[in-house]
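J.: In case it helps, the numbering used here puts the sequence shown at residues 1 to 141.
Because the hints were derived from the structure by calculation, they are not lab data. Just to be clear, a hint being listed does not mean it is correct.
Derived EDC-like pairs: lysine to aspartate or glutamate, alpha-carbon spacing no greater than 16 Å straight-line [claimed, not checked]: (1) K60 / E89; (2) K60 / D87; (3) K56 / D28; (4) K45 / D91; (5) K84 / E128; (6) K86 / D102; (7) K10 / D67; (8) K110 / E128.
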Amino acid sequence: MAAGGCFCGKVRIQLNGQPLTTGLCYCDDCRKLTGAPFTYNLLVKTTDVNISGNPKEVAKAADSGNDIRNYFCPDCGTPLYGVKIKDGEPDGIIVLRSGIMDDPRLLRRKPDAEIFTDRRPPWLAPVEGAAQFSGMLPLND
1 MAAGGCFCGK
11 VRIQLNGQPL
21 TTGLCYCDDC
31 RKLTGAPFTY
41 NLLVKTTDVN
51 ISGNPKEVAK
61 AADSGNDIRN
71 YFCPDCGTPL
81 YGVKIKDGEP
91 DGIIVLRSGI
101 MDDPRLLRRK
111 PDAEIFTDRR
121 PPWLAPVEGA
131 AQFSGMLPLN
141 D
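Take the sequences, apply the hints, and build the full model.
T.: Written as structure tokens, this is what we have:
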């Protein structure tokens, strides 16, 4: 069990399980969402997450072509998580921004994959042993 939340503390997230996978994403959306050159994300089952507070939703078409919804703290603006929409409903997986987690030991886990690697800054080397994808991670649809 792990907990996390936004900068101001008004939105809290409880993770009751292990990530399905982890990865670094270099897509334009993640870059703009965070103001950083990449994100380190935890992909978790929706059923393993409890959210308290009222995150703000922003919906759009992603770089991958999927419809996505991203959630932020409405007060401090911390990017919290995103979901892919399939047939008008969330697909059952939450893309949790790892930096919101309280326990920094979660960040010790080496990413399983890197996606949108064609957009990786040239000064960053690929993570040894991580699967490399020039586009979106091939998840089961």
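J.: Now tell me if each hint is right for this structure.
T.: Here's how the hints hold up against the structure:
no.	hint	verdict
1	K60 / E89	holds (14 Å)
2	K60 / D87	holds (15 Å)
3	K56 / D28	violated (20 Å)
4	K45 / D91	holds (9 Å)
5	K84 / E128	violated (28 Å)
6	K86 / D102	violated (30 Å)
7	K10 / D67	violated (27 Å)
8	K110 / E128	holds (9 Å)
In terms of the numbered hints stated before, the structure departs from hints 3, 5, 6, 7, listed from lowest to highest.
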